[in-house]
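J.: Make the full structure from the sequences, and use the hints.
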Amino acid sequence: MKFYCALWLAKILGVAINLVSRDRGTNLPGEKALAIDPSFVKNFKNIDYSKVIFITGTNGKSSTTNLVDHILKENGKKIISNIEGANLLSGIATILAKESTLTGKLKADYFVFETDERYLPLVYAQLPAENMLITNLQKDQVQRNGDPDFIYRKLKEVINPKMTLILNNEEPRSRSFEESSYRSVYYGVERHDESFNKGTDYPTQACLKCHHDMVFDYYNVDSIGAFHCDFCGYASEKTPEYQVNDINFKEKTFKLKGVDYNMPYDLPFMFYNYAGALAICQEICDISPQKAAKAFNNFKNIGGRFEVLKYKDKTIKYMRIKQENPDTLQSALNIMAFDKEEKMVALGLYTLVDFIPHYANTFYAFDCDFKPLIDSKVERYLCFSEHVSYDTANRLIYEGVDKEDITIMDSDNIKEIFAEIDKAETNNIYLITWISTFEKMKKFIEGGHN
Amino acid sequence: MDMTLKIGWLFPNTFNLHGDRGNILAIKAEGLRRGYNVEVFQINLETKDFDPMDYDFLFCPPGEIVHFKPVIEFLKPFNEALMTFIENRPMLVTGTSIGIFGEEIHRDDNSSIKGLGIVNLEVYESHVVYGDDLYYHCQYNGNKMEIIGNQIQMMHVEIQEESPFGRLVYGYGNTGNTKFEGARSGKGIFTNTLGPLLVCNPWLTEEIVNLIEVNKGLPVWEEKRDNSLELNSLKTKVALIEKKESKLIKISER
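If you're matching them up, the sequences are chains A and B in order. Quick note: the first sequence, position 232, residue 232 per my numbering, numbers continuous. Quick note: the second sequence, position 188, residue 188 per my numbering, numbers continuous.
Treat the hints as calculated values from the structure; they're not laboratory data. Quick caveat: nothing in here was measured; it's all calculated off a predicted structure. Hints may be right or wrong, so weigh each one.
[Unchecked claim] Derived pair list, reagent style DSBU-like, types lysine-lysine, alpha-carbon separation capped at 30 Å:
1) A:K32 with B:K247
2) A:K51 with A:K73
3) A:K314 with A:K415
4) A:K255 with A:K51
5) A:K371 with B:K6
6) A:K377 with B:K28
7) A:K322 with B:K243
8) A:K42 with A:K162
T.: As structure tokens, this is what we get:
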């Protein structure tokens with residue numbers, strides 16, 4: 001009876017929230033239901049766990065989930081998925097309540113859930129998925145995650161010999177879970193025109209198996225690329241089963257298993273999402289690469305990290321990075337560096353305000369290689385954002401930028417940011433800041449300041 | 001006169017969590033500013049003929065505890081040499097790696113790892129992570145200074161009879177219950193302050209290089225660095241600390 005009360009309350013709340021705003025409250029119905037019935041998710045009926053797929057990891061889980069959902073739906077499958085991004089137990093509870101009958105019965109070909117890596121054991125305890133894709137495990141949100149090993153141990157709690165794992169071939173931590181699964185399938189990306197190396201004073205990481213130094217032959221994305229350990233031989237495979245190859249940035253195409261694909265986003269971190277999604281579709285859902293290919297023609301990623309604004313005669317290219325995450329910052333730096341045109345770089349790293357205490361952390365910037373950006377014709381730098389702008393500027397100075405070429409603004413004042421952008425001779429403006437400042441800037445432009 | 005500063009960077013690939021290479025950049029930049037050659041040597045598990053006394057400064061960044069055992073095994077034969085080293089020469093150990101140099105590391109799963117025992121402290125791995133700003137006063141090489149930074153606390157540090165490195169103005173420090181931050185033994189600094197500590201606090205970097213100069217019999221560089229940018233950074237971060245909400249026990253109540 002507890003389950004039914006929880007379910008009906010979640011359904012009513014879901015409808016009510018939907019009436020107020022379609023964008024809000026994706027966790028609330030599930031939260032309330034779990035408060036009434038702590039085993040709420042466990043009590044749904046008709047879930048075949050061999051059809052449940054978790055997509056977890058540090059970066060790329062939302063995009064991969066969106067793409068898997070899109071490919072499967074385009075191929076006529078009934079999918080239950082949390083593509084709106086509520087990836088905790090309460091988010092999954094919300095979506096299951098929404099999709100179920102009044103008696104808690106579910107009907108779907110597949111259940112595809114993005115799951116927060118930190119809370120995976122809690123989700124798994126109620127929904128023991130037999131399939132899981134791990135995108136990568138990297139330094140991220142250190143205020144709550146500490147170090148990657150902290151998350152690695154969380155995943156270890158869950159992975160068992162019943163599971164099929166879809167693993168990133170070129171990310172050492174993810175790949176190493178192969179030891180604990182029933183079956184492992186690997187996906188990866190061939191070296192491409194935007195693959196890169198970092199100087200020898202940029203640390204790599206320790207081998208998961210023997211603790212000695214790992215060597216990366218190159219990176220396709222920061223911390224991800226062909227790797228090997230000279231000491232114990234642990235290494236990525238040269239050609240994993242699902243490998244994105246023949247990447248053509250000009251034509252926006254790639255190949256996988258000999259099939260041609262249109263590339264909806266030509267950003268290097270997306271290539272891994274393409275490969276992982278195609279591996280899931282074939283290995284778990286029996287949708288071949290040929291059948292999946294057509295879905296790439298009309299794929300739109302929800303909540304992407306790249307947006308373009310028109311401001312007066314200038315083009316502002318906004319790149320959203322994840323806080324405390326050097327890998328997404330490095331990807332953004334690489335994108336700017338590959339643009340050989342004159343540019344202004346507005347860098348608004350920011351104080352972390354996820355939860356109390358807020359704190360001023362920009363130390364992850366020292367893991368990133370700014371040199372290629374600095375060598376790529378930058379007219380001027382603007383370092384803004386309250387409490388951290390001096391540290392951001394200092395990171396640039398340590399990379400060789402002259403102090404005189406940097407404007408430091410210890411504030412997030414939108415008018416002042418635009419005043420600096422106005423001063424630039426170039427029309428090519430790159431912007432990195434948090435979503436809240438970006439939204440204010442967008443509104444400023446839409447409000448007639450164009 | 002030996003005009004080369006030799007920096008030993010301990011296990012940079014094994015221990016690499018929070019932009020710690022910034023500390024190497026800072027010490028190198030300060031050495032170069034004073035007209036020295038600066039050589040940075042990366043020491044890893046494959047390094048042959050490691051001798052701490054070959055270096056003027058040693059830096060050990062924070063790392064994942066899962067890699068501690070092989071590192072401790074590697075360093076064990078140099079225990080005495082490391083003790084001698086910190087009597088006069090500067091060494092900086094940050095974050096979790098403090099445990100390596102202490103007596104014992106107590107893990108969350110109730111297992112434990114014997115440390116090198118160079119400093120009389122024990123560490124206890126926490127079940128939860130705590131991240132925050134860190135602000136304290138300390139004294140190094142005879143000079144008082146303020147230090148600002150961040151802390152991602154994954155363990156408690158019980159410093160027993162050792163002297164603390166700093167006295168907290170704000171932050172978690174060693175346990176969240178005392179006014180102490182880190183430990184100091186001889187010229188060795190063992191601190192919870194993570195990331196580019198020596199970038200954000202160039203006054204500490206200057207003192208470390210001053211000490212190196214004394215140790216090498218070089219004249220101490222008189223021309224002060226322009227630290228205005230870092231002082232502005234300190235000021236704005238202290239302003240954040242003063243206005244922010246915190247669940248920590250107030251320093252005055254510890």
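J.: It remains to establish, for every hint, whether it holds in the given structure.
T.: Here's how the hints hold up against the structure:
1. Of the pairs offered as hints, the one joining A:K32 and B:K247 holds, with about 26 Å between alpha carbons and a cut-off of 30 Å not exceeded.
2. With a C-alpha separation of about 15 Å, the suggested pairing of A:K51 with A:K73 holds against the 30 Å cut-off.
3. Between A:K314 and A:K415, the direct Cα distance comes to roughly 16 Å. Compliance with the 30 Å bound is thereby established for this hinted pair.
4. With a CA separation close to 27 Å, the supplied pair A:K255 and A:K51 stays within the 30 Å bound.
5. Between A:K371 and B:K6, the direct Cα distance comes to roughly 25 Å. Compliance with the 30 Å bound is thereby established for this hinted pair.
6. The suggested pairing of A:K377 with B:K28 holds, with an alpha-carbon distance near 27 Å, which does not exceed 30 Å.
7. Distance check on the hinted pair: A:K322 and B:K243 sit about 25 Å apart at the alpha-carbon level, within 30 Å; holds.
8. Taking the CA atoms of A:K42 and A:K162, the gap is about 18 Å. The hint holds against a cut of 30 Å.
When each numbered hint is compared with the structure, no violation occurs for any of them.
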